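Student: Chain A is already provided as a structure; the job is to place chain B on it using the hints.
These are the residues of each chain, in order.
2 protein chains.
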Amino acid sequence: MTTQERPPTEGPPIGSDRVPSLVLVHTGHGKGKSTAAFGTMLRAVSRGWKVAVVQFLKSGNWKVGEEKVGRSLGVDWWALGDGFTWDSDNMSETEAVAREAWSFTRRLIAQGNHRMVVLDEVTYPLNWGWIDESEMVEVLRSRPSHVTVILTGRDAPDSLIEAADTVTEMVKVKHAFDRGIRARRGIDY
Amino acid sequence: MTTQERPPTEGPPIGSDRVPSLVLVHTGHGKGKSTAAFGTMLRAVSRGWKVAVVQFLKSGNWKVGEEKVGRSLGVDWWALGDGFTWDSDNMSETEAVAREAWSFTRRLIAQGNHRMVVLDEVTYPLNWGWIDESEMVEVLRSRPSHVTVILTGRDAPDSLIEAADTVTEMVKVKHAFDRGIRARRGIDY
Numbered sequence: 019m020t021t022q023e024r025p026p027t028e029g030p031p032i033g034s035d036r037v038p039s040l041v042l043v044h045t046g047h048g049k050g051k052s053t054a055a056f057g058t059m060l061r062a063v064s065r066g067w068k069v070a071v072v073q074f075l076k077s078g079n080w081k082v083g084e085e086k087v088g089r090s091l092g093v094d095w096w097a098l099g100d101g102f103t104w105d106s107d108n109m110s111e112t113e114a115v116a117r118e119a120w121s122f123t124r125r126l127i128a129q130g131n132h133r134m135v136v137l138d139e140v141t142y143p144l145n146w147g148w149i150d151e152s153e154m155v156e157v158l159r160s161r162p163s164h165v166t167v168i169l170t171g172r173d174a175p176d177s178l179i180e181a182a183d184t185v186t187e188m189v190k191v192k193h194a195f196d197r198g199i200r201a202r203r204g205i206d207y
Numbered sequence: 019m020t021t022q023e024r025p026p027t028e029g030p031p032i033g034s035d036r037v038p039s040l041v042l043v044h045t046g047h048g049k050g051k052s053t054a055a056f057g058t059m060l061r062a063v064s065r066g067w068k069v070a071v072v073q074f075l076k077s078g079n080w081k082v083g084e085e086k087v088g089r090s091l092g093v094d095w096w097a098l099g100d101g102f103t104w105d106s107d108n109m110s111e112t113e114a115v116a117r118e119a120w121s122f123t124r125r126l127i128a129q130g131n132h133r134m135v136v137l138d139e140v141t142y143p144l145n146w147g148w149i150d151e152s153e154m155v156e157v158l159r160s161r162p163s164h165v166t167v168i169l170t171g172r173d174a175p176d177s178l179i180e181a182a183d184t185v186t187e188m189v190k191v192k193h194a195f196d197r198g199i200r201a202r203r204g205i206d207y
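Order-wise, the sequence lines are chains A and B. The first sequence begins at 19 in the working numbering and counts up one residue at a time. The second sequence begins at 19 in the working numbering and counts up one residue at a time.
Simulated from the structure, these hints should not be mistaken for laboratory data. Don't take each hint at face value.
It does not matter which identical chain is used: a pair holds within one copy or between any two.
[What the hints assert, rightly or not] Below, simulated EDC-like cross-link-like pairs (lysine to aspartate or glutamate); rule was C-alpha separation at most 16 Å, straight line:
| # | residue 1 | residue 2 |
| --- | --- | --- |
| 1 | K190 | D150 |
| 2 | K190 | E180 |
| 3 | K190 | D176 |
| 4 | K86 | D206 |
| 5 | K81 | D94 |
| 6 | K190 | D173 |
| 7 | K192 | E180 |
| 8 | K190 | D206 |
| 9 | K86 | D107 |
| 10 | K192 | D176 |
Keep in mind the model is a prediction, meaning the values are calculated, not measured.
Here chain A stands alone, though its shape is the one from the complex:
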């Protein structure tokens, strides 16, 4: 409880450095990693930036709400995953799909046609060893200087946190799922 704090009469320091782009990571086990990326995407779109989203787990079969609206806003959207791993009949195929998605994404970042690229749920194939960690860090470090990259997913590895400018851990304080409440259309997908 922190009631009766006083409203601040002085603002935070205004930074002095301008950087052309950032690497942002949203990790942790709480809700909000992907949605915060999509909210940031809105800001970029509103400034006229070209934005790309690559989803590493979701497949094209399951059109999520954010994809529909994102596309209507002109965002280039690729759901390149093979779906949930527990639905996979053939894990080496699922792995091959993820490797292909990464190969596509590194070319996309290097091309520099998009000023913001969102790599949604990319930490999962990274942690399963399907994407090489040092290669990903190298792609981020050597990206065109105007390209902001946002990466989401649980358990971001140290090397990725190191390479990022801003990292938020979404910590679950409580979640409706834990009380047996089903995922809700319009809120959870």
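Tutor: Below, chain B without anything else, positioned relative to chain A:
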């Protein structure tokens, strides 16, 4: 470091309870509280829900990117704050503006015309004692059953966490601002 984990071959339990709406709180000192609300708003919009956003600190003078895009998607948007408190010439006026915004918002929630209502940065006036905490909890508890409410801001008080279904704490692992990097248009606003 958690590389070489195995991809899960079993999904999480699917909840059995359907609830008509949820109360979500995004708190903590990290980046992503408001953007996650706007990302969730996208999902609601994509399902054809009527969505309202009330901003408790931002004033209408500073049109943020998300407002522009939100409006273009049909979201009803009210930036009802008096701006940053450190820009205030008259704090009792700033307080009155916040009280007015709350009075408006409780009517808006009670009316039930919007299936999702976002109360952005509402914890600040709450923690400054400008909005009564027990009154807010009562408004959430007695809301029309189809209305999902998302509340954002640092230091959400215990009673609000108690009243919520899902609470995420956005924890700052690192932030570009701490290295003196300025807020970036298209990313931070």
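Student: The structure should be examined with respect to each hint, and the outcome stated for every one.
Tutor: Right, here's what the structure says about each hint:
no. : hint          : verdict
1   : K190 <-> D150 : neither (28 Å within a copy, 26 Å between copies)
2   : K190 <-> E180 : between (23 Å within a copy, 14 Å between copies)
3   : K190 <-> D176 : between (20 Å within a copy, 15 Å between copies)
4   : K86 <-> D206  : within (15 Å within a copy, 24 Å between copies)
5   : K81 <-> D94   : within (14 Å within a copy, 25 Å between copies)
6   : K190 <-> D173 : both (13 Å within a copy, 15 Å between copies)
7   : K192 <-> E180 : between (28 Å within a copy, 9 Å between copies)
8   : K190 <-> D206 : within (15 Å within a copy, 23 Å between copies)
9   : K86 <-> D107  : neither (28 Å within a copy, 44 Å between copies)
10  : K192 <-> D176 : between (26 Å within a copy, 12 Å between copies)
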